[in-house]
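Sequence order for the protein chains is A and B. 1 is the number of the first residue of the first sequence in my numbering; add one for each residue after it. 1001 is the number of the first residue of the second sequence in my numbering; add one for each residue after it.
Because the hints were derived from the structure by calculation, they are not lab data. Here the structure is a predicted model, which is why all the values come from computation and not from measurement. Cβ coordinates follow ideal geometry from the N, Cα and C atoms, glycine included. Honestly, I wouldn't trust all of these hints.
On the chain A side, residues computed to face chain B include the following (Cβ under 7 Å) [unchecked claim]: (1) 322; (2) 326; (3) 340; (4) 345; (5) 355; (6) 358; (7) 365.
Simulated restraints on C-beta separations [to be verified]: (8) A:386 - B:1118: 38 to 46 Å; (9) B:1208 - A:67: 56 to 64 Å; (10) B:1175 - A:382: 49 to 57 Å.
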Amino acid sequence: MGEPLLEIRNISKTFPGVRALDDVSFSLSRGEILALVGENGAGKSTLLAIIGGSLVPDSGSVVVEGVRRSEYTPRRALADGVVIAYQEPAIVGQLTVGQNLLIGRSAARRRASTVEVRETLSNLARMGFPLDAHTPASTLSPAQRQALAIARVFALGAKIVALDEPTTSLAEQNVAAVLNGVRELSHEREVGIIYVSHKMHEVMEVSDSVVVLRDGMVRFSSPTNETSTDEIVRNMVGRQLLEFRRTHPVASNAAIFFTVTDVTHPSGVGPASISVRAGEVLGIAGLVGSGRTEFLRAIVKADAGSTGSVTIDGRRVPIRSPRDARDAGIAFIPEERKRQGLILQMPAYANVTITAGREFAQFGPFLNPSRQIAATEEVGAQLSLRPTNVRLAAHQFSGGNQQKLVIAKWIRRDARVYLFDEPTKGVDVAGKAEIYSLIDALAAAGHAIVVVSSDLPEIIALSDRALVMRNGRFLSEHVGNDINEHSLVASAMGISKGMP
Amino acid sequence: MSNNSRSPLNFQAIGIFIAAAVIFLIFGLLKPIFLTPGNLSQVAVSACVNAIIGLGLTFVIITGGIDLSVGSIASFVGIVSAASMVHGGVSPYLALALGIGLGLIAGAFNGVLITLLRLPPFIATLGTMSAYQGCAYVVTGGLPVYNVPQQFVGILNGYAGQIPIIVLIVIIVGVGSWLLLRRTVFGQNVIATGGSEETAWLSGIRVNRVKIAVYALSGGLAGLAGLVVVARISAAQSDAGSPYLLTALAAAVIGGANLMGGEGRIGGTLVGALILGALTNGMVLLNVSSFYEMIVTGVVVIIAVALGQGSKGWFAHKRTARGAAVPQGAPSDTDTVKR
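Use the sequences and the hints to build the structure in full.
This is the structure in C-alpha cells:
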C-alpha cells in the first residue's frame, strides 16, 4: 500500500472567537473506512469542509496520494477525487433517477456515463434498493434518496468519500444493507471512506478505525477492533466547562407551575409531555435533529398542525398561535436569533416592544417612541445591555447583547414561562456567562424555564433536571449527579442500558 | 454613536432630494420657464397619481410583497364611479366614497388570496391585474364614459386658492401615510412583518391581518388615484389606470423601497413621483419626443436604484457575499438546522 491515500497534516482553523480545529492529523488508506466521531461542535464539519475544499485551513495541509494540495477550492478537491456526501442528499426531484446520475456530465461523455448509470443502479440493488433509471426522483423515499446519493458518489469515480451521517434518514432495517453496500464498494474499489456518525453501533460495525475529535483536537484514535464503545464515548465527552453554578437551585418542595401534555408537531415529533416546577430549569438534551426545536415550537403552536395542551399555575390555557402563548405569559426564545428573534434593521427599542401590542398606543392608535425607548432602557439596564443606546439598529449589537434584546421582549412583558432554544448559540464566553446568570435570575424569580441545548456543559451548568430527546420522544430523565456528559451522551445515542 | 448609526438612512433620504434638486436645476437651466410657479404646480399635479398609487405600493413593498393590480383597480374604480354618476345618477361625493370602498375591497381580496390561499403576491396580483381589468371592460362593454359631472371634476381637479386641490390631497395622504407607518402600532407591525415574518409571528403579531390590511390600503389608494384620473380628463376609460402600475412602482423604488421587504420611505416615494413628473414635464418643454422620454425615465430608475444600493454599501454587500461562503461548510455542527 505504501503511501496513504489521504493525509491530514497538522491542520488548524480558527473562526472569530472559536478555535475550530487545533493541530489535527490522521491518515486514511485505500479501502479503509475511518469513523470520525465527536460531539456537536467538535470540529467535524469544519474538517469535512476543508477536505472538500470549501474552507482554507489556517495552517497544516491536506495531502492526497502524496501530493500536497496547493489550493482549497471544491473544484480542486473534486479533481483530487474527493467527494463529500452531506446529510441532505443533493437530488433534483424534477429529474429521473438516471438523469440525476448524469448531472454535470457533458453530452460527449454521455455514452461512458450511461455505463456508470447502469453500474450505479446495480450498486443500489446491492444496497437493497433496486431502482429503475426512469423513476422520477420526486417519488423516492428519503431512504432511497440517501442510498441514491451514496451510490452516485461511487459512480463519480471518487477515491476519497466523506459520508456525513449517511443513515439519519434510513429506517433500521435499511441501515444494515446500506452499510454493507458501502463496505463492499469501498473494499472492492479501494476507496477510502471518512464516515461521520453519531450512531455508535454503526461505527463499531462498519469502520476499520476510529478518530475522536473534541474541541477541535484529535483526542483518541485507534483501530476499531482494538477499542470499545465505552472508550470512544469517554473520549468524546469532557469538553471544557464554563465555570458556572446556579445560585438558587429549585426548592425541593416547589409546586408544578407549567405543564404541557401530549404535544405533537407535524414533522413527527411527539407525543411528548413535560412539567416544570416554579423556579426550575429543565434542560433538554439530544442530538441535532432529534426534534427538540419542534417540540418547543409545537408548545407555542408556531406551526400549523401542532397539537397539545398547556397548563400554567394550575389553569388550562388554550393556545392556538404564538399570540395566545404570548398572552398566556409564555416566552419562546428561538434558536435563529437573527431570523426568528429579531428584526435586524429595526431599532432595539422597536424590537423589544414588538411584543407589546397596543400597550404603548396613545391618542387612539398613535405610538409615542419616547415611551417605548424609556421602557426599553429600563429593561436594558436590568439586563446590562451594551451599548445602552436603544435607538441603534438590532444588528449593531453583539451576539450576546442581541440575545438579551430577544429575552428583553419577554421580560418586559413579565412572561412567566421561558422556552430557550440554544440560548448561547454564536455567543462568546463572556456573553454566555451573562446569559446563564440571566436564566438563573429568572428561575430564582420563580419562573419555569426550559432550555434546549446541544452544548452539554450548558445543560449541566443550568439544569435542575434534564431530559434527553431522541426521535421526537423523551427517553430518559436525569437528576442531580446523573446530569453528566457521559450519561446524557449515552442516552442521546441510544446506548444506555435498557434502551431498545 | 447614534448619529453615526442613522447616517446611512439619512444619506439615502437626502440623496434622493439631491437627485431631485439636480434634475430640477438642469431643466431650469435649459428652460427657465420650467422653474416658474405655474409650471412647478403643473409638475406637482402630474406627479399626483403616481404619488398616491406609489404610497400604497410602498406599504405593500415594505411587507415584502408586490401589488401588480393597482393599475387595473384604478381603471375599474374610475369606470364604475363614472358610470354610477353618469348612468346611475349617483351624487359625486357618494361616487367618491363608493370608488374608494371598491378599491379597498379589491385590495383586501388580493390580501386574502395571498394570506389564506398562500399565493405568492406576484402571482396573486398578476391574476387579479387581469381579472380587475376585465371587470373594468365588462362594466360598460369597453365603452368610455363621458360627461362626468362638473361637481365631481371640481372636487378632485379644482383649486383651493392658488393650490390645486389634488396636491393638497396628496399632502394629506402623504402625512397620513407617514404617521401610519412610523407612529402607529400597525405601521410598526408592517415593518416587522417585512423585516422578518417569522420573528413577527413568533412575537404575537397577526401577520395575515397586517398583510390583508396593507393590500386593502394599496387598493383603496389605487381607487382614489383612479378617481383623480377620471376627474382630470372629465371622462372614464376602461384602461385609463394601466399605465400607472409601472410608473408608480418606479416612484416607490426610486424613493428607496426595497423589493426584498422591510424597507421603504414615504417621503422617498413622494420625491420619486416628483422626479418622474419633472422628467415628463421638462422633456415636453424641451420638445423631446415621448419615445426618448421613456428611455430617459428607464435610465433614471436604474441609476436611482443603483445609487441607493451604493449608499447601502456596495462594498458591504460584497463583503457579506464573500463572508457567506464561510459559514456554509464551517463553524460547528451546531449550525446545522435542527429538524
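Interface hint status, residue 355 of chain A versus chain B (Cβ within 7 Å):
Where the cut-off is 7 Å and the nearest Cβ of chain B is about 5 Å from residue 355 of chain A, the hint holds.
Could you see if the CB distance from residue 1175 of chain B to residue 382 of chain A stays within 49 to 57 Å?
violated (37 Å)
Does residue 340 of chain A hold up as a contact with chain B if the rule is Cβ-Cβ below 7 Å?
holds (5 Å)
With 7 Å as the cut and Cβ atoms as the points, is residue 322 of chain A at the interface with chain B?
Status holds, d = 5 Å.
Tell me if residue 326 of chain A is really an interface residue toward chain B, meaning its C-beta lies closer than 7 Å to one of theirs.
Result: holds, 4 Å to nearest chain B Cβ.
Would the hint on residue 345 of chain A stand, with a C-beta cut-off of 7 Å toward chain B?
Holds. Min distance 6 Å.
Would you say the C-beta atoms of residue 1208 of chain B and residue 67 of chain A sit inside 56 to 64 Å of each other?
At 59 Å between Cβs, range holds.
Less than 7 Å between beta-carbons is the criterion; does residue 358 of chain A satisfy it with respect to chain B?
holds (6 Å)
Is the hinted range of 38 to 46 Å satisfied by the C-beta distance from residue 386 of chain A to residue 1118 of chain B?
holds (41 Å)
Taking 7 Å as the limit, does the beta-carbon of residue 365 of chain A come near enough to a beta-carbon in chain B?
Holds - the Cβ of residue 365 of chain A comes within 7 Å of chain B, reaching about 5 Å at its closest.
Hint check: a violation occurs at hint 10 only; the rest are consistent with the structure.
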